[in-house]
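Trainee: Residue numbers (our numbering), protein chains in the order written: chain A, 94 to 512; chain B, 94 to 512.
Mixed in with the good hints there might be a few duds.
[Claimed, not checked] Below, simulated SDA-like cross-link-like pairs (lysine to any residue); rule was C-alpha separation at most 25 Å, straight line:
(1) A:K118 to B:E410
(2) B:K379 to A:T252
(3) B:K97 to A:L200
(4) A:K415 to B:D114
(5) B:K487 to A:N365
(6) A:K379 to B:G272
(7) A:K379 to B:E373
(8) A:K128 to A:Q110
(9) A:K444 to A:L427
(10) B:K408 to A:N365
(11) A:K379 to B:E410
(12) A:K325 to A:E410
In short, the hints are calculated from the structure, not lab data.
Protein chains: 2
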Amino acid sequence: MSNKLQIGLFGFGCVGQGLYDVLSKSSGFRADISKICVKQQSKKRPIDAKYFTYDRFEILDNPEINVIVELIDDANEAYKIVKYALEKGKHVVTANKKMVANHLKELVELQHKYNVSLLYEASSCGSIPIVRTLEEYYDNELLFSVSGIFNGTSNYILTKTIFENLSYAAALKQAQDLGFAETDPTNDVEGFDAKYKAIILAAHAFGLFVQPEKVFNFGISTLSEWDVTYAKEKGLKIKLIPTIKKHDDGSVSVFVAPQFVNSANYLFNVENEFNGVIVEGAFSDKQFLSGKGAGGHPTGSAVLSDISALSYGYKYEYKKYKQNDNVKFNNDVLVKVYLRYEDDNFIKQLKFEEIYVKHTSDRFKYVIGQLPIGELAKYQDYIKEHKLFVSLTKESPITPITKKEGKLAEKELVHAGKA
Amino acid sequence: MSNKLQIGLFGFGCVGQGLYDVLSKSSGFRADISKICVKQQSKKRPIDAKYFTYDRFEILDNPEINVIVELIDDANEAYKIVKYALEKGKHVVTANKKMVANHLKELVELQHKYNVSLLYEASSCGSIPIVRTLEEYYDNELLFSVSGIFNGTSNYILTKTIFENLSYAAALKQAQDLGFAETDPTNDVEGFDAKYKAIILAAHAFGLFVQPEKVFNFGISTLSEWDVTYAKEKGLKIKLIPTIKKHDDGSVSVFVAPQFVNSANYLFNVENEFNGVIVEGAFSDKQFLSGKGAGGHPTGSAVLSDISALSYGYKYEYKKYKQNDNVKFNNDVLVKVYLRYEDDNFIKQLKFEEIYVKHTSDRFKYVIGQLPIGELAKYQDYIKEHKLFVSLTKESPITPITKKEGKLAEKELVHAGKA
Chain A
94 MSNKLQIGLF GFGCVGQGLY DVLSKSSGFR ADISKICVKQ QSKKRPIDAK YFTYDRFEIL
154 DNPEINVIVE LIDDANEAYK IVKYALEKGK HVVTANKKMV ANHLKELVEL QHKYNVSLLY
214 EASSCGSIPI VRTLEEYYDN ELLFSVSGIF NGTSNYILTK TIFENLSYAA ALKQAQDLGF
274 AETDPTNDVE GFDAKYKAII LAAHAFGLFV QPEKVFNFGI STLSEWDVTY AKEKGLKIKL
334 IPTIKKHDDG SVSVFVAPQF VNSANYLFNV ENEFNGVIVE GAFSDKQFLS GKGAGGHPTG
394 SAVLSDISAL SYGYKYEYKK YKQNDNVKFN NDVLVKVYLR YEDDNFIKQL KFEEIYVKHT
454 SDRFKYVIGQ LPIGELAKYQ DYIKEHKLFV SLTKESPITP ITKKEGKLAE KELVHAGKA
Chain B
94 MSNKLQIGLF GFGCVGQGLY DVLSKSSGFR ADISKICVKQ QSKKRPIDAK YFTYDRFEIL
154 DNPEINVIVE LIDDANEAYK IVKYALEKGK HVVTANKKMV ANHLKELVEL QHKYNVSLLY
214 EASSCGSIPI VRTLEEYYDN ELLFSVSGIF NGTSNYILTK TIFENLSYAA ALKQAQDLGF
274 AETDPTNDVE GFDAKYKAII LAAHAFGLFV QPEKVFNFGI STLSEWDVTY AKEKGLKIKL
334 IPTIKKHDDG SVSVFVAPQF VNSANYLFNV ENEFNGVIVE GAFSDKQFLS GKGAGGHPTG
394 SAVLSDISAL SYGYKYEYKK YKQNDNVKFN NDVLVKVYLR YEDDNFIKQL KFEEIYVKHT
454 SDRFKYVIGQ LPIGELAKYQ DYIKEHKLFV SLTKESPITP ITKKEGKLAE KELVHAGKA
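Let's have the full structure, built from the sequences with the hints guiding it.
Mentor: Structure follows, in structure tokens:
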């Protein structure tokens, strides 16, 4: 595509305006925003009213416009817009991780069918070029795992609880006051946002396509001062970490959960709204990428880099998927967790393979043990209801449960002493 | 280029063998090594002798071979091979940073003239995909600076002096015994290797082409226990840091020098043979990439990713250069340095703009002051001869010297006290 890009923009929130800023300040760039579709007609806007329309089809059916940039919040609306645009033969750039994660396989087929390109670097880890890096650079690299901190809001909250001794509630309030967190923070603090990103990266890293409802996500909303104290006393931090791990049998696990990290971990120093990604491969060893995870400008610059890539006909090749279109999703794995609990009967119910530590103090109770992650998912509502907290330990193995192994007898090593 | 790649390989050292390993273990990959050109006929090799030749033209003039992978040490020989190959219409992948840095502009023209692709990701920072990231991702991003740790050998030595209290000589010896450092370590410890990499990145980040002899490189070979003590007492580490910085007037500085870093700096925790790159941009803010900087497998995987990119016709676009082919190189800048010295007359000779600290103890003397970096370059031989040590301070400004500014009167704030 060598002709100038005529962009139709959907949404003019923080990212849309960020893009507009970046675009207007970037030299030698062959792209123009011809129209912007917005919802609220009343709202005051910083640029000329002639740019705006309230009718999506004024953009989607305009043959002059060859690129759609979709930056609206509503994932369902976004899906309709993107699908319609692709079918109309327009290239699309989107930052909507939920929409991409929910429809990725279909979106890949639509790109192929209509010979158009859909790019979504901005959907994952803001300004970190992780999709492109996995797609392009690690092609044919034997990858083991991709993990990191993918959500700036929850990381901001966790940072505050550690450094400023704020309670979860106070840290959340601060994040909301600063505009880092939404009024309903569920998406960020319960790990949904990180999960959507992990699902997108799993496709580019391992060729796996998995539906969000199949992927476990545990959040940080039940974090208590005791959990923070436990971490601090051991020189650890708690981070909300999505894990994408390939097993020896070729199957791939994907889940999001809090995890303890020590100072030897790259993620230990990724604070506030920053994101970090660790990529482990057979030959490149351990790679680490870090940068601003959110905000209008970082995301805007990621969107711009996709628009720029379109200008020379770039499209994702989904090479890992083409190399092996039958990757098995496998969350039937054993993990080692810290679980703060109240009722001993609950611990008895959970099918622990092994319990290494059972701690009871006048302040709180926890166990450290190994169990199938599916067990925790089964009781996820109970855990949230009773404000219990679960976190992977700092070196938790993630091992597939093989039939041979089966379930070991339940052992309990009871430890007394203070947390 | 959709047909299978037939590779002619030059050199079968650590990287060449690494590539061979990676290639043989990578699935679904349309490339074969048809011939390997080596020098020593006697040497025992781990793979079948039928692969080897001692006549370069058996590869270069073979029409079946469409990709040359050049992995030899000798930069002049490498240049002849690469130039000949490009003129023959073959694509080339090289890891030879010195060769690329010395001939980059001509190599860009040859690519254009013969419509072939020359890729050299492996030439800079081993497994970190920095060339591709700057070229692709930061296209149209307003970049401010690129800096980091580009040389694993010197970083390994510096790490040992800090953590194991080894003297520079002892740390160098250890690095040599482990094969990290060559018998003549000049290239690594005096900053030449890092300089070549910085020159390559300057072209992709800012469109600047500059000859190596114009770029200052200060090394670590004169590091003494006093310098290490000074750093430790202030909670700092010493790293050998290439800096590529764009100024407000559009001119770009490039130089390599030791610099003090504190724990807030991403590079503080980049240890041993690891590399790290910090990219600062207007919209993406601060990005950090880290990974193994050297070794057969990391470099081999970088070479492989270039070979893979060739398989779908990838070539560097040198967009920054096309956007502005007249970027001014500007090392006429003021920097703030720590300089350990012996003779006060030497300090008087140096044209300091300002001296902030003058320290004299029974053990050693140093000044901390601001001066044109060219002044230091002028006396580089003297500094090495007398085993003095110079390092940028942790927040050293890098400000172009404007006529208006001129030279300030020399002030001296003499501080007593121990280091």
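Trainee: It remains to establish, for every hint, whether it holds in the given structure.
Mentor: Hint check results:
1. A:K118 to B:E410: Status holds; Cα separation ~21 Å.
2. B:K379 to A:T252: Since the Cα atoms of K379 of chain B and T252 of chain A sit roughly 19 Å apart, the hinted pair holds (cutoff 25 Å).
3. B:K97 to A:L200: Status violated; Cα separation ~29 Å.
4. A:K415 to B:D114: holds, 23 Å
5. B:K487 to A:N365: OK: K487 of chain B and N365 of chain A at ~23 Å, within 25 Å.
6. A:K379 to B:G272: holds, 21 Å
7. A:K379 to B:E373: Measuring from Cα to Cα gives roughly 22 Å; hence the hint holds.
8. A:K128 to A:Q110: Holds, because 13 Å separates the two Cα atoms, which is no more than 25 Å.
9. A:K444 to A:L427: holds, 11 Å
10. B:K408 to A:N365: violated, 37 Å
11. A:K379 to B:E410: Violated, at about 28 Å.
12. A:K325 to A:E410: violated, 44 Å
Hint violations for this structure: numbers 3, 10, 11, 12, all remaining hints satisfied.
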